[in-house]
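If you're matching them up, the sequences are chains Z and P in order. Letter 20 of the first sequence, counting from 1, is numbered 20 in our numbering, and no numbers are missing. Basically our numbering = 1-based index in the second sequence + 244.
Just to be clear, a hint being listed does not mean it is correct.
[Claimed, not checked] Which chain P residues stay away from chain Z? Per the calculated CB distances, all over 12 Å, these:
id : residue
1  : 337
2  : 341
3  : 425
4  : 546
5  : 633
6  : 694
7  : 720
8  : 734
9  : 740
10 : 752
11 : 754
[Claimed, not checked] Below, simulated DSS-like cross-link-like pairs (lysine-lysine); rule was C-alpha separation at most 30 Å, straight line:
id : chain 1 : residue 1 : chain 2 : residue 2
12 : P       : 378       : P       : 827
13 : Z       : 100       : P       : 658
14 : Z       : 124       : P       : 827
15 : P       : 552       : Z       : 103
16 : P       : 559       : Z       : 96
17 : Z       : 103       : P       : 485
[What the hints assert, rightly or not] Pair by pair, the computed Cβ-Cβ distance ranges are:
id : chain 1 : residue 1 : chain 2 : residue 2 : range
18 : P       : 479       : Z       : 136       : 33 to 41 Å
19 : P       : 629       : Z       : 76        : 16 to 24 Å
20 : P       : 749       : Z       : 93        : 28 to 36 Å
21 : P       : 667       : Z       : 91        : 28 to 36 Å
22 : Z       : 170       : P       : 746       : 53 to 61 Å
23 : Z       : 85        : P       : 760       : 55 to 63 Å
24 : P       : 629       : Z       : 60        : 25 to 33 Å
25 : Z       : 91        : P       : 629       : 51 to 59 Å
26 : Z       : 71        : P       : 329       : 17 to 25 Å
27 : P       : 782       : Z       : 212       : 48 to 56 Å
28 : Z       : 117       : P       : 760       : 41 to 49 Å
Derived from the structure by calculation, the hints contain no laboratory data. Since the model is a prediction, treat every value here as computed from it, not as a measurement. In this text, a Cβ means the ideal position worked out from N, Cα and C, and glycines have one as well.
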Amino acid sequence: MKAKIIFVYTIVLIFTFQSLQGQKSFSIDNIDIKSSEFCLTGELFTPNQSIDGATYFNSDWVPGDIYLSNGEVVRNKLIKYNGLLDELFWQESRSKNVIKLDKEAIMQFHFLNLNGDSTVHFRKIKVKRSTISDSSEIFGQVIYEGSLSLFILHTYKTAGNELIRQNGNLFEKTNYSEEPIYIFRYTDNKTFITKSLSRKRLYAFSPGNKNKIKEFIKANKTGGNKDVSYLRRLTEFLGQIVNQ
Amino acid sequence: MKTYIFPLLVFLNCFYSATAQNRFESLKPEMVYLQTDRNIYIAGDNLSFSLYLKGNSKTMSKYAYLILRDRYNIPVTRARIEIKNQSSFGNISLPDTLHSDIYQLVCYTNWMRNEGEDSYFTKEIIIANRFDKKLERFDSTLYTYPSANSVNSDSIKKAGNENLLIQPDKQIYNTREKVNISIDAKNIQDDSIMKLSVSVSEIVPGSRNETSITEYFNNSYKAKKEGESGQNQYKYQPEIKGTIIDGRIVPVKHSDNQPVSDNTNNESDTIKYTVLVSTPDTIANMQFTTADSSGSFRFLLNPYYESKELIIRLKENAKAVLELDDKFKLTKPYIPSDLLTGPGIRYYLIRSLKISEVQRYYTERTETNTGKKTERTLAISRVYYNPYSRVFPADYLPLPDFVEISRELLPALKVRKLGDTYVSSYVDTQNRGVPSIEPSIFLDGVPIDDVNQIINLGTNEIKRIDLLPVIRYYGEMPLSGILAVFSKNLEINNIQFKTPTIRYQAISSQNFTKPIPYIPVNNNHMPDLRQVILWDPEIKMHNKEKLEIECYTSDLHGKYRISVQGLTSSGLPVNGSSIIIVKSKSE
Chain Z
1 MKAKIIFVYT IVLIFTFQSL QGQKSFSIDN IDIKSSEFCL TGELFTPNQS IDGATYFNSD
61 WVPGDIYLSN GEVVRNKLIK YNGLLDELFW QESRSKNVIK LDKEAIMQFH FLNLNGDSTV
121 HFRKIKVKRS TISDSSEIFG QVIYEGSLSL FILHTYKTAG NELIRQNGNL FEKTNYSEEP
181 IYIFRYTDNK TFITKSLSRK RLYAFSPGNK NKIKEFIKAN KTGGNKDVSY LRRLTEFLGQ
241 IVNQ
Chain P
245 MKTYIFPLLV FLNCFYSATA QNRFESLKPE MVYLQTDRNI YIAGDNLSFS LYLKGNSKTM
305 SKYAYLILRD RYNIPVTRAR IEIKNQSSFG NISLPDTLHS DIYQLVCYTN WMRNEGEDSY
365 FTKEIIIANR FDKKLERFDS TLYTYPSANS VNSDSIKKAG NENLLIQPDK QIYNTREKVN
425 ISIDAKNIQD DSIMKLSVSV SEIVPGSRNE TSITEYFNNS YKAKKEGESG QNQYKYQPEI
485 KGTIIDGRIV PVKHSDNQPV SDNTNNESDT IKYTVLVSTP DTIANMQFTT ADSSGSFRFL
545 LNPYYESKEL IIRLKENAKA VLELDDKFKL TKPYIPSDLL TGPGIRYYLI RSLKISEVQR
605 YYTERTETNT GKKTERTLAI SRVYYNPYSR VFPADYLPLP DFVEISRELL PALKVRKLGD
665 TYVSSYVDTQ NRGVPSIEPS IFLDGVPIDD VNQIINLGTN EIKRIDLLPV IRYYGEMPLS
725 GILAVFSKNL EINNIQFKTP TIRYQAISSQ NFTKPIPYIP VNNNHMPDLR QVILWDPEIK
785 MHNKEKLEIE CYTSDLHGKY RISVQGLTSS GLPVNGSSII IVKSKSE
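Construct all of the structure, not just a fragment, from the sequences and the given hints.
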């Protein structure tokens, strides 16, 4: 019994002593790095109408790194992207307020772990959607980067209105459905924009390579499910046939 | 049970000792070594130096501080040197008004300040004023300049612990002859890359041999200090990522604004103050940190602020003053040694003065190569990007003050008079929940206290007004709207802040500079009176490699020392030396 007590005391003593030593030595890391970190800038998000939760790319707050246009990185902040508004939101840790970040300040943002995927990232790209509109800067999800790159703009279209009752009041709610826009971009910034990746649209992408595209589609039957890995393979393939 | 206790205890002890060792490894003190191109200068010369830093590669300081001070402890020159991969080089321009005397070079890092001034690198140099013909400070019994063959043995003996083999192609050279020097590192058991600096300079008679980098870094006193470091308080942080600014909020007495030495029982014990840093600019900018309960604050300065005039102030009001840590402050007085007062030095100085005079006549001043510049990230800490509205008052009729401007040109902003003061607030026209409290006001990019400080500015003084009538966040700092006013004539310089404020000139690092290598010109009738025939602080060498370097002798005959100092990338100091003699063809 005595031996056990001595044993326990000795272990506690060693731990205590070493912890104290550690406290002293760890003071090197004690500098307030936060003070040197670049600050995210934005405004408090107070929408007049509630935003449809379905228009968020990620419904829950997810930690992410934000790459600023000045070259700095702000790491591990809770962020959410809304495709309808094309805005990135940050949940400020102290007040839990939702801040709509200044778009001009952001170059790209990475979700650290979005449903187990650590590769999801968005970049601000300049897009001219139609011949009559000016080009604008929009956050596009980066799917593949190479001689031909693929970005997806997570845009939404109105899917109808419905009357709902909230707090005893009736109001009209607009429903949205996602309408992704695929942007293929060459290294010289020439782009091919399409809302669909159907066989017809892919032929339009490279009319001279219809047979090759046909073979690719045959070999990669997706059954309508165009997941990220398929999109990457497709972009890589299109890049290869165009460069040949 | 008893059988297992002892081995388990031994194991635990060994495990934790190893852990503790690792922890202390990260706190290893640093040591700085400075090599200069020579030891004697004429006021107005350039002093070229190379610097080597030894410490833990993971927590190596990015900056060193160099001070040249006189015997009265008055700093003559102060410089911050940027260290890249454990080394640096540059030059100091010596003011030509310096009086003839012995001066001390002091070099250290912020991390070394924890060890006290005894751990700083110090070196004595002599500077002679070109108008001081008598040089009485260096009066000695020996008035004759020793001949090239009779320089005293102290000056020419080899430094200890030499591990580089330095071999010139011959021992005796004519004037204006090419010197080939080979550097052999076969004795070094370290395969990493070596960074070397080479000096070939005239030996100063009467001066003692200076400590080599190997001797200095292996110095037993330093090693002892290294072992003791764990016991010290780490007041100063290593500047690994950038400039660290330390400061504290010192409470003042109500009557005379004198700092109170004992800061117990004061406001700063209970309130955590926010310290704001910004600089006058055309963009509203800010960096902030929070002081701890004792009033101390520390921040890693954004590189954008380097070399700029900073306005550092408290966000909250307090009866206190701000005190910033002066990294160049030396408390230990300098007592000149007799190291450089040996016989022959005075004569050498007189000769150097004459050489300097001739060089000035022929305008042969050594130029420095400033091609390699410090890389700096200039990411500005912007408070906002695009304003909701921007007004250029010059586009409108002249208005006498800001009250009129707000009334006529800024409908979103309301400025009212309450008693003797004015208050401002945004009108919540868009129902954005803007509080009716004063927005954060910036003048020339700097946050100010309130609208009263800009109330007298009319359209003739204001260049631009940016308005953001919404609740904004700058990092975790909420701002109840932003009003940014940019004046034509930097009115921020005339503002009296209501909260404790200090103006501070942020320093920047020196550029990496070295002299332009001497290239001989055929049929050159100009005298070549270089006393340093080679200074190259930027030689890279792979181990087991034999490196050949070359230089040219000048018209000055005498003994020259080839001194090579350096450091391997794994931190092993290396050095070597050799002597050559230069004789004129007639000798």
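Hint check:
1. For residue 337 of chain P, the shortest C-beta to C-beta distance to chain Z comes to about 32 Å, beyond the 12 Å cut-off, and the non-interface label holds.
2. The beta carbon of residue 341 of chain P is kept farther than 12 Å from every beta carbon of chain Z, the shortest such distance being approximately 39 Å.
3. Every C-beta of chain Z lies more than 12 Å from that of residue 425 of chain P, the closest at about 42 Å, which supports listing it as non-interface.
4. Non-interface status of residue 546 of chain P relative to chain Z is broken: a Cβ of that chain comes within 12 Å, the nearest being about 7 Å off.
5. Look at residue 633 of chain P: its CB is around 14 Å from the nearest CB on chain Z, clear of 12 Å, so calling it non-interface holds up.
6. Distance to chain Z confirms residue 694 of chain P as a non-interface residue, since its nearest Cβ pair spans about 22 Å, more than 12 Å.
7. Remark: the non-interface label on residue 720 of chain P conflicts with the geometry, its nearest Cβ contact in chain Z lying 6 Å away (cut-off 12 Å).
8. No beta-carbon of chain Z is positioned within 12 Å of the beta-carbon of residue 734 of chain P; the least distance is around 24 Å.
9. Consistency note on residue 740 of chain P: stated as away from chain Z, and its beta-carbon is indeed over 12 Å from all of that chain's, at 26 Å minimum.
10. Annotated as non-interface, residue 752 of chain P keeps its C-beta farther than 12 Å from every C-beta of chain Z; the closest such distance is 17 Å.
11. Distance check for residue 754 of chain P against chain Z: the nearest CB is about 22 Å away, which clears 12 Å, and the non-interface claim stands.
12. For the suggested pair residue 378 of chain P and residue 827 of chain P, the alpha carbons sit about 28 Å apart, so the restraint of at most 30 Å is met.
13. Annotation: proposed proximity of residue 100 of chain Z to residue 658 of chain P holds, straight-line Cα distance about 26 Å (limit 30 Å).
14. Note on residue 124 of chain Z and residue 827 of chain P: the hinted pairing is violated, with a Cα-Cα distance of about 70 Å set against a maximum of 30 Å.
15. Among the hinted pairs, residue 552 of chain P with residue 103 of chain Z is consistent with the structure: their alpha-carbon atoms are about 28 Å apart, no more than 30 Å.
16. Distance restraint check for residue 559 of chain P and residue 96 of chain Z: the Cα-Cα separation of roughly 23 Å lies within the 30 Å cut-off, and the hinted pair is therefore satisfied.
17. Of the supplied pair hints, the one linking residue 103 of chain Z and residue 485 of chain P holds, its CA atoms being roughly 28 Å apart against a limit of 30 Å.
18. Take residue 479 of chain P and residue 136 of chain Z: their Cβ atoms lie about 52 Å apart, and the range 33 to 41 Å is violated.
19. At about 22 Å, the beta-carbon gap between residue 629 of chain P and residue 76 of chain Z stays in the expected band of 16 to 24 Å.
20. Distance hint for residue 749 of chain P and residue 93 of chain Z: a CB-CB separation of about 35 Å, consistent with the stated range 28 to 36 Å.
21. For residue 667 of chain P and residue 91 of chain Z, the hinted distance range of 28 to 36 Å is satisfied, since their beta carbons lie about 32 Å from each other.
22. Look at residue 170 of chain Z against residue 746 of chain P: about 60 Å separates their beta carbons, and that is inside 53 to 61 Å.
23. A hinted range of 55 to 63 Å for the beta carbons of residue 85 of chain Z and residue 760 of chain P is consistent with their spacing of about 59 Å.
24. Taking 25 to 33 Å as the suggested C-beta distance range, the pair residue 629 of chain P and residue 60 of chain Z conforms, at roughly 28 Å.
25. Checked against the given bound of 51 to 59 Å, the beta carbons of residue 91 of chain Z and residue 629 of chain P, roughly 20 Å apart, lie outside it.
26. In this structure the supplied range 17 to 25 Å holds for residue 71 of chain Z paired with residue 329 of chain P, their Cβ-Cβ distance being about 22 Å.
27. The hint said 48 to 56 Å for the Cβ distance between residue 782 of chain P and residue 212 of chain Z, and at roughly 55 Å that hint holds.
28. Taken as a hint, the range 41 to 49 Å is violated for the pair residue 117 of chain Z and residue 760 of chain P, whose Cβ atoms sit roughly 56 Å apart.
In summary, the structure is inconsistent with hints 4, 7, 14, 18, 25, 28 from the numbered list given earlier, while agreeing with the others.
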